[in-house]
Amino acid sequence: VLILVRSPLPRLRALLQRCWGRLERSLWPGVLGGQSPPWGPALAVQGPALVPQEINDAGESCAEAPSLLDGVLWMAAPKQRRTVEVNRCRRRHPSKLVEMKRNIDVCPECGNLKQKHVLCGYCYAKVKEETRLIRIEIHKKEGGPFNAPTVETVVLYEGEKPAEKDAGKRIIERARKRPSWFVQN
Amino acid sequence: SGAAWARGLFSWARPDRWLASGSLFPLSCIHTSTSLQKTGKWEKKNRIVYPPQLPGEPRRPAEIYHCRREIKYSKDKMWYLAKLIKGMSIDQALAQLEFSDKKGAKVIKEVLLEAQEMAVRKHNVEFKSNLHIAESLTGRGRYVKRVRCHGKGMFGIMKISRCHYFVKLVEGPPPPPEPPRTGFDQAKEYVQQLRNRTLVHTL
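For the protein sequence lines, the chains are A and B, in the order given. If you count by the working numbering, then the first sequence holds residues 1 to 185, one letter each, in order. If you count by the working numbering, then the second sequence holds residues 1 to 203, one letter each, in order.
Hints are supplied without guarantee of correctness; some may be wrong.
Interface residues of chain B toward chain A, partial, derived using beta-carbon atoms under 10 Å [stated by the list, open to error]:
(1) W79
(2) Y80
(3) A95
(4) S100
(5) K152
(6) M154
(7) M158
(8) R181
(9) F184
(10) R197
List of simulated lysine-lysine pairs, BS3-like, C-alpha gap at most 27 Å [to be verified]:
(11) K44(B) to K141(A)
(12) K109(B) to K122(B)
(13) K83(B) to K96(A)
(14) K102(B) to K126(A)
(15) K103(B) to K101(A)
(16) K109(B) to K116(A)
(17) K126(A) to K103(B)
(18) K128(B) to K96(A)
(19) K109(B) to K128(A)
(20) K96(A) to K86(B)
(21) K102(B) to K96(A)
(22) K116(A) to K128(B)
(23) K103(B) to K128(A)
(24) K103(B) to K116(A)
(25) K128(A) to K122(B)
(26) K128(A) to K102(B)
(27) K109(B) to K96(A)
(28) K102(B) to K101(A)
(29) K168(B) to K96(A)
(30) K96(A) to K122(B)
(31) K128(B) to K101(A)
(32) K101(A) to K77(B)
(33) K102(B) to K79(A)
(34) K116(A) to K83(B)
(35) K101(A) to K38(B)
(36) K116(A) to K102(B)
Hints were generated in silico from the structure; no laboratory data involved. All values reported here derive from a predicted model rather than from experimental measurement. Ideal Cβ placement from N, Cα and C applies to all residues, glycine included.
Excised from the complex, chain B in its bound form (with noise of 0.2 Å):
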């Protein structure tokens, strides 16, 4: 596992930018917070190790945590796409991220495959389809700034987004949805925050 995490560490550090971050001497021993160096949160998320469970306690559920970097796409339509398949059962996921159109449902079929493999692999995960989809998140990227030209010598500077995509898998079935709020649940609420109401600074 240390070989795969060091290969999907360079995997995309580009060799042309080695020099262009922090350290001078990218071969020493010294630890510099540099972008080549930064793991990234939510691939530390998988390495969490919980104490055994008492006897009596119900089964911790398995969590998988999955992450793509540097995606050429934007963060606002992945967005999208993370939250049709938030709170859905994997197959489902993949299912209607097979049919939809966008350019990010397929990498995002990719990374749930990979999770899913991920996860019957090393999570100790029995069956491949009692997951579902807890958490589902987008992040920017680095962006790229571009110079578009226009008509009349006239330029403009674009730029060039990338994203990142965050998936966290839990074992079990999905939960169920929540029912639709009612105007008699947000009566009964406005009625217990006054019922709640105290006198301050009184005797």
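For reference, chain A alone in the conformation it holds in the complex (with noise of 0.2 Å):
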């Protein structure tokens, strides 16, 4: 009985073959023309007289090129489903769980939490909102683009008066009170 089915398979498998490459031809012609090599008969193949010649063709090419075929049309494919059990085993893995981080710590300044290796959100947040207002300021001063002395700059807050080695520095005034932070040379 295996006999018997094993033989009529290469003949099905390479007339189906022969249909499906010439259905891609047809459908998009040129865009496969590199692709498949011709792998059939140059005439058009019509009838039911003709079946026996296919069927030598049809061996014939199993014959000369069996990894051809294989190259152009055998693709990885999942044989059964997946079930969920080992979906799960695979999502579930420890490697897949994320990591609890061992890094966290509170901030001296602030209170806040931080990470170990990165500066504090909260305090630079209040740094990056000073350097704002005073990039405003900066730019009130200047009053366009290029127009960047060559001297040093110094920030005054109110009530301070610049020093004896700010004397030809650029001073530039914010009208508060000035932070603890931002500590004045």
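Since each chain comes alone in its own frame, lean on the hints to assemble the complex.
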């Protein structure tokens, strides 16, 4: 029984492949021209009288280039549906779980949480906001692009006088009390 | 609390969907169980009232149930975060979620903060840090199918997934983690199983 079943299969397979190739070439002419080498007769095969010829050609092509056929039409595909138990084993594996972070500390300045190797988010936002306001003052003083002076800049808050060492520097005034974290030199 | 409940009910109800759901008369007093009127079982768990405890009984710890519905995130991806914070104290969970890079971490953090505030205001919890996460679950929200355009005029159908997130906070320190099962425990259980065997259908 096994021997009888095995022989028509390559013929059927070759017939199906040729039909598929013809279909592909008719629908997308020129796109797959480079990919599939001609593995059938140049004549258009019509009618049942030419079926024995087809079978011979199929047999020959099978014998000639089985690797080409395999290369073009064999693709990896799953054989069985993965059960939910197998899926769970893969999805819940310890390597896929989110790890707990052990590098979280408390910022000594503001008391918010921070990572050990990263600046405190709250303190950074504070400094960023103050820098933005200082930059607005600088922009007002300069009045346009490419007007940056060649001297240093000193930021002074309410009630502060420029020191002797700040003689030739540009002074930016900010109308508020000096923040505790902005140390004056 | 009734006004807040009604507000919470209608915050996610969209007017264009009122007539699309089961009832033809949205203002009638006929109660139909359409999607608009479902409260959800998790929200109802906050309403159970226990009988007063007897003088000798140990104090029952407060339980707070909170959830957020229709979060625009995948339930499988959210599950990893829910698994992370299961069994932690609330402060530790908030710390972990703050520095997590996932989108769902922000949402879960908001939910935990809301639940903590609810606990202190309504559920008679004394210290807001004295809470731990007893259960944290994710559920599937409503999916919407949309067309995804590929090349050559082909299209696929993608599903826009949403999820729900449920959390149960319980007052008290977090329970100690279970010790891992050793070979000795497994052997003991096996021997016990062998000893439990009896003869059936005999005298």
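For each hint, the structure was consulted:
1. W79: Nearest chain A Cβ about 8 Å off; hint holds.
2. Y80: With Cβ-Cβ at 5 Å, under 10 Å, it holds.
3. A95: 5 Å, holds
4. S100: 7 Å, holds
5. K152: 8 Å, holds
6. M154: Violated, because the Cβ-Cβ distance from M154(B) to chain A comes to roughly 12 Å (cut-off 10 Å).
7. M158: 20 Å, violated
8. R181: Since the shortest Cβ distance to chain A is 15 Å, the answer is violated.
9. F184: 23 Å, violated
10. R197: 28 Å, violated
11. K44(B) to K141(A): Not OK: K44(B) and K141(A) at ~62 Å, beyond 27 Å, violated.
12. K109(B) to K122(B): 20 Å, holds
13. K83(B) to K96(A): Distance ~11 Å between K83(B) and K96(A) Cα, so the pair holds.
14. K102(B) to K126(A): Cα-Cα ~25 Å, so holds.
15. K103(B) to K101(A): 17 Å, holds
16. K109(B) to K116(A): The given pair, whose Cα atoms are some 21 Å apart, holds under the 27 Å limit.
17. K126(A) to K103(B): OK: K126(A) and K103(B) at ~25 Å, within 27 Å.
18. K128(B) to K96(A): It is violated: about 32 Å lies between the C-alpha atoms, which goes past 27 Å.
19. K109(B) to K128(A): 25 Å, holds
20. K96(A) to K86(B): Within the cut-off at roughly 16 Å; holds.
21. K102(B) to K96(A): Satisfied, since the Cα-Cα distance of roughly 14 Å is no more than 27 Å.
22. K116(A) to K128(B): The given pair, whose Cα atoms are some 26 Å apart, holds under the 27 Å limit.
23. K103(B) to K128(A): 25 Å, holds
24. K103(B) to K116(A): 22 Å, holds
25. K128(A) to K122(B): 38 Å, violated
26. K128(A) to K102(B): 25 Å, holds
27. K109(B) to K96(A): 21 Å, holds
28. K102(B) to K101(A): Distance ~14 Å between K102(B) and K101(A) Cα, so the pair holds.
29. K168(B) to K96(A): 25 Å, holds
30. K96(A) to K122(B): Violated: K96(A) and K122(B) sit about 38 Å apart, past 27 Å.
31. K128(B) to K101(A): 23 Å, holds
32. K101(A) to K77(B): Measuring from Cα to Cα gives roughly 18 Å; hence the hint holds.
33. K102(B) to K79(A): 34 Å, violated
34. K116(A) to K83(B): This hinted pair holds, its Cα atoms lying about 24 Å apart.
35. K101(A) to K38(B): 39 Å, violated
36. K116(A) to K102(B): Roughly 20 Å separates the two Cα atoms, so the pair holds.
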